[in-house]
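Visitor: Below are the chains, spelled out letter by letter.
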Amino acid sequence: DAKTTQPNSMESNEEEPVHLPCNHSTISGTDYIHWYRQLPSQGPEYVIHGLTSNVNNRMASLAIAEDRKSSTLILHRATLRDAAVYYCILRVSGGGADGLTFGKGTHLIIQP
Amino acid sequence: GAVVSQHPSRVICKSGTSVKIECRSLDFQATTMFWYRQFPKKSLMLMATSNEGSKATYEQGVEKDKFLINHASLTLSTLTVTSAHPEDSSFYICSASGTFSDTGELFFGEGSRLTVL
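For the protein sequence lines, the chains are A and B, in the order given. Here the first sequence is numbered in my numbering, starting from 162 and rising by one per residue. Here the second sequence is numbered in my numbering, starting from 325 and rising by one per residue.
If you are wondering where the hints come from, they were derived from the structure by calculation, not from laboratory data. One or more hints might be untrue.
[Claimed, not checked] What follows is a list of derived Cβ distance ranges for each label pair: (1) A:Asn184 to B:Gln353: 32 to 42 Å; (2) B:Ser397 to A:Glu177: 40 to 50 Å; (3) A:Gln203 to B:Asn375: 19 to 29 Å; (4) A:Leu212 to B:Asp389: 36 to 46 Å; (5) B:Lys390 to A:Pro168: 33 to 43 Å; (6) A:Glu172 to B:Pro364: 17 to 27 Å; (7) A:Ser214 to B:Lys338: 33 to 43 Å; (8) B:Asp389 to A:Pro178: 43 to 53 Å; (9) A:Lys164 to B:Thr381: 15 to 25 Å; (10) A:Lys164 to B:Asn375: 25 to 35 Å; (11) B:Lys338 to A:Glu227: 49 to 59 Å; (12) A:Thr166 to B:Phe363: 18 to 28 Å.
[Stated by the list, open to error] Far from chain B, some chain A residues (derived; all Cβ distances over 12 Å): (13) Pro168; (14) Gly190; (15) Gln199; (16) Ser231; (17) Ile235; (18) His237; (19) Thr240; (20) Leu241; (21) Asp243.
[What the hints assert, rightly or not] Simulated pairs of lysine-lysine, DSSO-like, Cα-Cα distance not exceeding 27 Å: (22) A:Lys164 to B:Lys366; (23) B:Lys338 to B:Lys365; (24) A:Lys265 to B:Lys388; (25) B:Lys366 to A:Lys265; (26) B:Lys366 to A:Lys230; (27) B:Lys366 to B:Lys344; (28) B:Lys366 to B:Lys338; (29) A:Lys230 to A:Lys265; (30) A:Lys164 to A:Lys265; (31) B:Lys365 to A:Lys265; (32) A:Lys230 to A:Lys164; (33) B:Lys365 to A:Lys164.
Using N, Cα and C, we set each Cβ at its ideal position, and we do this for glycine too.
Hey, can you work out the whole structure from these sequences and the hints?
Guide: Okay, structure coming up:
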């Protein structure tokens, strides 16, 4: 899997939007951009994924740069329950046979 | 979304004993299951990949004789830590993928925390 770069940690206030950046300058044309998050003492949880266009779901939005070399996960209104480590991972199309390669992720801290 | 369940969630054992951790896909058939290990304040490390009915593929540096993986059915994979020692204490997490997502979305279990005394 191609490498991604994320800030080690970010801090935000409750009920405010959060923008989590991810750089993936070596992304290939068949790589999907996946985001997972891991709450304390739990397994990772799928958040969202996209290929080229921006994506929205009930959890978050994913904004993908036009050149696809970076992306931003957007939590529109953070709650204390969103405090977690967020991982940005590139995954080839149809990559179901390969495990995910986790980087260090971004530790998101939410202040009440 | 699809549900993956692990059991037990916590286990404490004495050094030298073996421990089995189960991973089940509850509402889908998991053609491939993965086992990860996570040490405190570290990221997840892939240990092995298992496909139903075939031998697991282990990542470099993971001892296959110590971490026995069985994927006997499309809904169950087991990880057995044999002759466990304190350095094997870790958070073990399984994940599974099915045939329904061609983008390779994975679903993870809740994790199993192993403490070896």
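Visitor: Does the Cβ distance between Lys164 of chain A and Thr381 of chain B fall inside 15 to 25 Å?
Guide: holds, 22 Å
Visitor: Honestly, do Leu212 of chain A and Asp389 of chain B meet the 36 to 46 Å range at C-beta?
Guide: With Cβ atoms ~41 Å apart, the hint holds.
Visitor: Evaluate the condition: distance from the CB of Asp243 of chain A to the nearest CB of chain B exceeds 12 Å.
Guide: The claim stands: Asp243 of chain A keeps its Cβ more than 12 Å from every Cβ of chain B (closest is about 18 Å).
Visitor: For the pair we were handed, Lys365 of chain B and Lys164 of chain A, check the Cα-Cα distance against 27 Å.
Guide: With a Cα-Cα distance of about 20 Å, the restraint between Lys365 of chain B and Lys164 of chain A holds, given a limit of 27 Å.
Visitor: Is 19 to 29 Å right for how far apart the beta carbons of Gln203 of chain A and Asn375 of chain B are?
Guide: holds, 26 Å
Visitor: Holds or violated: Lys366 of chain B and Lys230 of chain A, Cα atoms, limit 27 Å.
Guide: holds, 26 Å
Visitor: Has the given pair, Lys366 of chain B with Lys338 of chain B, been kept, meaning a C-alpha gap of at most 27 Å?
Guide: Holds, at about 24 Å.
Visitor: Thr240 of chain A clear of chain B by more than 12 Å, beta carbon to beta carbon?
Guide: Given a closest Cβ separation of 20 Å, the condition holds.
Visitor: Return holds or violated for the Cβ distance of Asp389 of chain B and Pro178 of chain A against the range 43 to 53 Å.
Guide: holds, 50 Å
Visitor: When you look at the beta carbon of Leu241 of chain A, is every beta carbon of chain B farther off than 12 Å?
Guide: Answer for Leu241 of chain A: holds, closest chain B Cβ roughly 20 Å.
Visitor: Since Gln199 of chain A was said not to touch the interface, does its Cβ keep a gap of more than 12 Å from each Cβ of chain B?
Guide: violated, 8 Å
Visitor: Are Lys230 of chain A and Lys164 of chain A close enough, with their CA atoms no more than 27 Å apart?
Guide: Cα-Cα ~11 Å, so holds.
Of the numbered hints stated above, those contradicted by the structure are hints 7 and 15, listed in ascending order.
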